[in-house]
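**Student:** These are the residues of each chain, in order.
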Amino acid sequence: MAFKEFNCPSCGALLKLEYRFTETVICPFCQQSSHWTGENFEAKGEKVILADYGSKFSVGLQASFWGTKLGERKEYKFKVLGRVRFEYNDGFWDEWLLRVEGYEQNEYWLQEDEGEFFLFKKFDNLPSVNEYSELEVGMYVDWEDYKMFISEKAKAQISGGEGELPFRVIPGEQCDFVDGILLKEAIPVSIEYLPDNKKAFYVTIFNLDINDFVFTEKKQENVY
Amino acid sequence: MSIEQRKIRQYKCPSCGGGLELKNPRTRYVACPYCGTVTDVRSDAYHILAKYAKPSDFPPRGFLKLGREGIINGKAYKIIGRTRWRSQYMERWDEEGESGYEKGTWEYDEWLLISEDATYFYIIEDADGLHFSEAIIPPYPSLPKGRVINDFFDNRKRDAQEYGNSKILYFEGESTYLVKPGRMVGFSQYRTIGDTQNASGIYLGYSEDYIAEWRYNDQGKIQEVEFFKERDVRQGIIEEAFMTEEERLEKKQLEHARLLEKRKIRKINKRIFQIGGLFNLILGIILSVMYSGDEYSYIPEFKQELKYPLTATDQDFVFKDSSKVYVFKPDSIIKITEDDESVQIKIVPEIPEETDVLFHLKVYSRADDKLVFDASTYAYDYKKYKGDRVAYSDGVFDEAFSLDSISGQYYIVFEMELPKYYVQKPSSWGKPKALVEISVRKKAGYKGPLFVFFGIIMLIISLFIWIPKIKDN
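Protein chains in written order, with the numbering used here: chain A, 1 to 224; chain B, 1001 to 1473.
Hints may be right or wrong, so weigh each one.
[What the hints assert, rightly or not] Each computed SDA-like pair below joins lysine to any residue, with the alpha-carbon atoms no more than 25 Å apart:
| no. | chain 1 | residue 1 | chain 2 | residue 2 |
| --- | --- | --- | --- | --- |
| 1 | B | K1065 | B | F1132 |
| 2 | A | K56 | B | V1041 |
| 3 | A | K155 | B | S1015 |
| 4 | B | K1075 | A | K155 |
| 5 | A | K155 | B | Q1219 |
Honestly, the hints are just simulated from the structure, not real lab data.
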């Protein structure tokens, strides 16, 4: 259900928004990014089409996954609302914004990493999260009741987006990150250092395999 | 518009102009198969990143090669890249309670596989064989230092099995990570042998390597540490999974040819055993029939207590076979002498020529009826061993009997020296203390059953020579 409609400031196409927290919309017709100013959407940055690499996911996809939480295996229905592509010296990765049925208030990101899928839940602006410069790979830092091992630290940038996104995306913008593992729990966590000094803390809620997903609609041919 | 717009599938090598096609749409770095130039295919002008040796300088070690497709764990994969690494490392040794580290170098290929749903898989190939490598997220991650590595699962300190660093020597195909020449990664690993459990709690016998691997950014700082589990995989499994249809056909044809050859040899063997068996069987039956009158039998005809001093007995020893009558006079064949320590009994039965007579001598102690000497000749032994002494052991005495020829006649000589314990003087006992028992076994035609036996054995063996069947497909 669209809760807001507007015309793309670049091509005029009618865009229907589904996500309450949308800050950026990328027009599916002309690839123009637009930012929500509080009153309307304004075109920002250059147009970028993300090259396809054969993912099973796409913006608009409705599917479900089977996840185990507190020992209970359950099917979670979701819709893919948007995607952000990050780029760093080793390549790029995509993160998919998911709206999970029954948990609409939370922000979930699905990250695909060499055949494994991590569903992260976002925790905004936690005061205890360290600054980028304070962290080094190999360190242990305390976060709430947990100890976190820093496993990766790199500078990255946003190369583009698609669909609706809950923060302002300008292609080419810096977005450094620090990844870690929660000790004893073996749970991957991630800190993103967004523009405007924003820090977002992500904790893996589910560690999934492609077989945990149920795709009802056929999305994609094989990549080769 | 940005470079992201390009949907790259095909492009030309900026160095040599060779045409290239990308297998993995996520690929960023591609090596030209003709000249070895590595290009960043997502940079604006196909930025040349490195120039490695030509593929012909670093041929694959074995079966795996770029482009092979196969199924692992039910998922179809294609091999799209290979990175050759050279490691310089310290390896732990442990011998007779002492341990230490020694330097080593090692080269290995890291094969990148991509699945139909764009997931990755790595196979490590080195001089030891093939290994599956799997990224893991351990509950106790750490950055190993020197010889110490923390166990990924219980955090206790372990001695690193190997630690050191690896450099890229060569790269071909496509890569998702940066393949700069000289790019270095550090690593440290420990090994568990047979102490890992599967989901059902069953201990697995194979060894697993747990590896921490870290790499550096351009500033020389560690950018990332990753954790892997490596497990050996049999070459056959990989070959079966990745063989092309032509190779499968070729292998099938080869196996078929081998099978034909095997069948041929087996058939010949079977025939040899059949014919040989039948020959023996028939020969045995013929021999048995020919010698049917000479039954294999014991004829215990002579049993005499030794008188002391020995006196000639009136009782002759007589036995008959189908054609002859043999008479032995015991006084002529048994001689007993004595000295202070022992009694020597020498029995010299006169054996007519060309007989199959078996002499069996038993000496019993009269004190407790215990058998103290038991020796026999076997048929034809006296011919075969003529003039020899033949070692003989009855478990109590090491005795010997010899064959002799006295004035043209054949003799068998049992010679023994018995302690006086066994043969007491009658003056103290009043009775002779030993009993000499000569039994004669007449045996002929034994060769018949022997051949029959061999014949049957060969025929049975021939039944067990399995001739492989050839399927029609």
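**Student:** Each of the hints needs a verdict: does it hold here or not?
**Tutor:** Evaluation of the provided hints:
no.	hint	in the structure
1	B/K1065 - B/F1132	holds, 16 Å
2	A/K56 - B/V1041	holds, 23 Å
3	A/K155 - B/S1015	violated, 30 Å
4	B/K1075 - A/K155	violated, 34 Å
5	A/K155 - B/Q1219	holds, 12 Å
The earlier numbered hints that this structure contradicts are 3 and 4.
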